[in-house]
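Novice: Line by line, the protein sequences give chains B and L. Numbering follows numbering that gives the first Met the number 0, with no gaps: position 79 of the first sequence is 78. Numbering follows numbering that gives the first Met the number 0, with no gaps: position 327 of the second sequence is 326.
Keep in mind that the hints were calculated from the coordinates and are not lab data. Be aware that a few hints might be false.
What the hints assert, rightly or not - One-sided excerpt, in silico: chain B residues whose CB lies under 10 angstroms from chain L:
# : residue
1 : H65
2 : G71
3 : L103
4 : T320
5 : L378
Don't be surprised by glycine CBs; every beta carbon is placed ideally from N, CA and C.
Protein chains: 2
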Amino acid sequence: MAALTFELQATDGASAARAGTITTDHGQIQTPIFMPVGTVGSVKAVTQQQLKNDIKAQIILGNTYHLYLRPGTPVLEMAGGLHKFNGWNGPILTDSGGYQVFSLAENRKLTEQGALFQSHIDGSRHMFTPESVMDIQRSIGADIIMAFDECPPYPSEYKYARQSMDLTHRWLDRCFARLAETPDKYGYTQNLFPIIQGSTYKDLRTASAQYIASKNAAGNAIGGLSVGEPEEMMYEFTALCCENLPQDKPRYLMGVGTPWNILEGIALGIDMFDCVMPTRNGRNGMLFTTGGVVNIRNKKWATDFSPIDAGLPSEHSQYYTRAYLRHLFVANEILALQLASIHNLSFYLWLVGEARKHIQAGDYASWKNGIIPVLKQRL
Amino acid sequence: MAALTFELQATDGASAARAGTITTDHGQIQTPIFMPVGTVGSVKAVTQQQLKNDIKAQIILGNTYHLYLRPGTPVLEMAGGLHKFNGWNGPILTDSGGYQVFSLAENRKLTEQGALFQSHIDGSRHMFTPESVMDIQRSIGADIIMAFDECPPYPSEYKYARQSMDLTHRWLDRCFARLAETPDKYGYTQNLFPIIQGSTYKDLRTASAQYIASKNAAGNAIGGLSVGEPEEMMYEFTALCCENLPQDKPRYLMGVGTPWNILEGIALGIDMFDCVMPTRNGRNGMLFTTGGVVNIRNKKWATDFSPIDAGLPSEHSQYYTRAYLRHLFVANEILALQLASIHNLSFYLWLVGEARKHIQAGDYASWKNGIIPVLKQRL
Numbered sequence: 000m001a002a003l004t005f006e007l008q009a010t011d012g013a014s015a016a017r018a019g020t021i022t023t024d025h026g027q028i029q030t031p032i033f034m035p036v037g038t039v040g041s042v043k044a045v046t047q048q049q050l051k052n053d054i055k056a057q058i059i060l061g062n063t064y065h066l067y068l069r070p071g072t073p074v075l076e077m078a079g080g081l082h083k084f085n086g087w088n089g090p091i092l093t094d095s096g097g098y099q100v101f102s103l104a105e106n107r108k109l110t111e112q113g114a115l116f117q118s119h120i121d122g123s124r125h126m127f128t129p130e131s132v133m134d135i136q137r138s139i140g141a142d143i144i145m146a147f148d149e150c151p152p153y154p155s156e157y158k159y160a161r162q163s164m165d166l167t168h169r170w171l172d173r174c175f176a177r178l179a180e181t182p183d184k185y186g187y188t189q190n191l192f193p194i195i196q197g198s199t200y201k202d203l204r205t206a207s208a209q210y211i212a213s214k215n216a217a218g219n220a221i222g223g224l225s226v227g228e229p230e231e232m233m234y235e236f237t238a239l240c241c242e243n244l245p246q247d248k249p250r251y252l253m254g255v256g257t258p259w260n261i262l263e264g265i266a267l268g269i270d271m272f273d274c275v276m277p278t279r280n281g282r283n284g285m286l287f288t289t290g291g292v293v294n295i296r297n298k299k300w301a302t303d304f305s306p307i308d309a310g311l312p313s314e315h316s317q318y319y320t321r322a323y324l325r326h327l328f329v330a331n332e333i334l335a336l337q338l339a340s341i342h343n344l345s346f347y348l349w350l351v352g353e354a355r356k357h358i359q360a361g362d363y364a365s366w367k368n369g370i371i372p373v374l375k376q377r378l
Numbered sequence: 000m001a002a003l004t005f006e007l008q009a010t011d012g013a014s015a016a017r018a019g020t021i022t023t024d025h026g027q028i029q030t031p032i033f034m035p036v037g038t039v040g041s042v043k044a045v046t047q048q049q050l051k052n053d054i055k056a057q058i059i060l061g062n063t064y065h066l067y068l069r070p071g072t073p074v075l076e077m078a079g080g081l082h083k084f085n086g087w088n089g090p091i092l093t094d095s096g097g098y099q100v101f102s103l104a105e106n107r108k109l110t111e112q113g114a115l116f117q118s119h120i121d122g123s124r125h126m127f128t129p130e131s132v133m134d135i136q137r138s139i140g141a142d143i144i145m146a147f148d149e150c151p152p153y154p155s156e157y158k159y160a161r162q163s164m165d166l167t168h169r170w171l172d173r174c175f176a177r178l179a180e181t182p183d184k185y186g187y188t189q190n191l192f193p194i195i196q197g198s199t200y201k202d203l204r205t206a207s208a209q210y211i212a213s214k215n216a217a218g219n220a221i222g223g224l225s226v227g228e229p230e231e232m233m234y235e236f237t238a239l240c241c242e243n244l245p246q247d248k249p250r251y252l253m254g255v256g257t258p259w260n261i262l263e264g265i266a267l268g269i270d271m272f273d274c275v276m277p278t279r280n281g282r283n284g285m286l287f288t289t290g291g292v293v294n295i296r297n298k299k300w301a302t303d304f305s306p307i308d309a310g311l312p313s314e315h316s317q318y319y320t321r322a323y324l325r326h327l328f329v330a331n332e333i334l335a336l337q338l339a340s341i342h343n344l345s346f347y348l349w350l351v352g353e354a355r356k357h358i359q360a361g362d363y364a365s366w367k368n369g370i371i372p373v374l375k376q377r378l
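For reference, chain B alone in the conformation it holds in the complex (with noise of 0.2 angstroms):
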């Protein structure tokens, strides 16, 4: 088995965009591509047969912190890793669990050490520092590691923002000296992905994106982003990374976002993208359409036999009535939740796909500019 390997296939002449592949022992990936979050080792609402057959995503994220807590490692490990427990057997990556013990868990504190925290389920204690984050991680069996960071919120002062950049970084050198002296798990292997951060610093950011461009990662992670800022400055800050990022390594923006977001990451040079809006907001009637943006609930949609998504080639979203799934939202039905969110992921990988190939035709920034209006509308 083989590390992580990127072929750098088709670039933009108008813009930043690239089109690439992949490896990993797990499969191929194309990109750009938007990465399914399953956060406690299922996609919310979604049969892995639905993930692999109808949404066709090709790479699906699984949650450190979620995961240590549900089921457990000792459970992972026995299963043989997270593929064999939830039958997913393409790519998986693990969000490194940073975010969540600072936005989810209780009475965080953090150290040079790590980040001690109190689970937001039952309130047992626990500390996450980068060693034992690289072991669940490889007790998770992910593809692609992440490195545990602190992401401060914005706006972050200065003096905070550095010091926790700093802090961010140190704490990288352990997670890569902790996976030079552990083996992969389970036979493939195990890729970690630093991450930059430095807020809404040029200095900072361009200092943490050399840094972390210094360390030859397989691939290479913006994190500290859609965290509140307005999205110019969200695309302002990813354009100065992907500047000091590597060229031939693959380019992670994290958390990111609305359609747009996505259209405009892929311009400026990033190739892979995770969010849970497509999901959550699925689940909340809010879908995302080759015609803008609609919600479900609204009564007009009560008799419009048209289909989900007249323009989507997805089974489902083909299949489904606008006026049906409207009528299994109002009458509180499950399988609304589910359609929605099969809607909205295949949307989303459809999308990322259409890049592709607008990349590949050498028209990406005209047909993004062109799309772009058309997705924002609100239907």
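Since the structure of chain B is already known, use the hints to place chain L on it.
Specialist: Just chain L now, kept in the frame of chain B:
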């Protein structure tokens, strides 16, 4: 298009079990059959694709009370009927709503004319009459329309049971009269099944069965059982009804039941069953399997990496493990509800399919007596 027909293909030597084929304008149904319940137009937590391809359902139920309130008959008529609205292309049977008026609605008032009630959703006032309920089921577009009846509780006084039965019979005459004067709604035949009542009094049940049989309907149903009476009493009255019903018409035992209830019902000559148990109990973590009953939330399954049901030839039940499904329930993941519902329904459909094979092979009674203790055991 033609009225529903029933072809009797095999009978069991040692019991009253029968195997047959029901033909409707939306396709054939191999009996004995279990019909998944799609109360509000969706079999809860299951897509139409899964119903057809994985569960192998042949006919599903809708409920007049629920569909009348949401989405309402005007929407269903604009859609072209429930088949078009929910995308289920096979046969659909609709319950008449009588049972729901008395179990769900508020401020019910029963008169000779019909039933006045307030919606359990918004308190709005409505009246169901035999005529209006026939009209609603026509609008829903059911292949099989159930008569509007009153279902007396168990136990009921003799006098009340008799008056209720007489009312149900008078209402039945009005149902037939209404259907005779209204055309099929969407170009296919809609068939009325009358319902035997009479509570747990032999003379009343016999009289009701004979009255219903005299109508020479396309099929006949037994109502008012499985409402709290002892199982042996349910079997006794099921047998009594079957003895008084024609051999050449399908017999439907309403709202039954556990896997063993169904197998005993088949032995007594029942051809059709429906029950919310596989989906409702599934959502609570109770699985019916080929090896017995599983409470999947139990800690004992936390590290059981065997399939949900190794004995069941169903993709999902083979693909996912008990440990994973338990984890999904403990973590409150929606996928838990989906997988448990798909499994339990697949099991019910498999079970009636096996029953059919054994009736055709001529060893139904001995097979049933052997398998029931296995299915009943708690794992």
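Novice: All hints are to be evaluated individually against the structure, with a verdict given for each.
Specialist: Taking the hints in turn, this is what the structure says about them:
1. Interface hint at H65/B: satisfied, since its Cβ lies 8 angstroms from the closest Cβ of chain L, which is below the 10 angstroms cut-off.
2. About 9 angstroms separates the beta-carbon of G71/B from the nearest beta-carbon of chain L, less than 10 angstroms, and the hint is met.
3. At a threshold of 10 angstroms, the smallest CB-CB gap from L103/B to chain L is about 14 angstroms, leaving the interface hint violated.
4. The interface hint given for T320/B holds, since its Cβ lies 8 angstroms from the closest Cβ of chain L, which is under the 10 angstroms cut-off.
5. For L378/B, the interface hint is violated, since its Cβ never comes within 10 angstroms of a Cβ in chain L; the closest pair sits about 20 angstroms apart.
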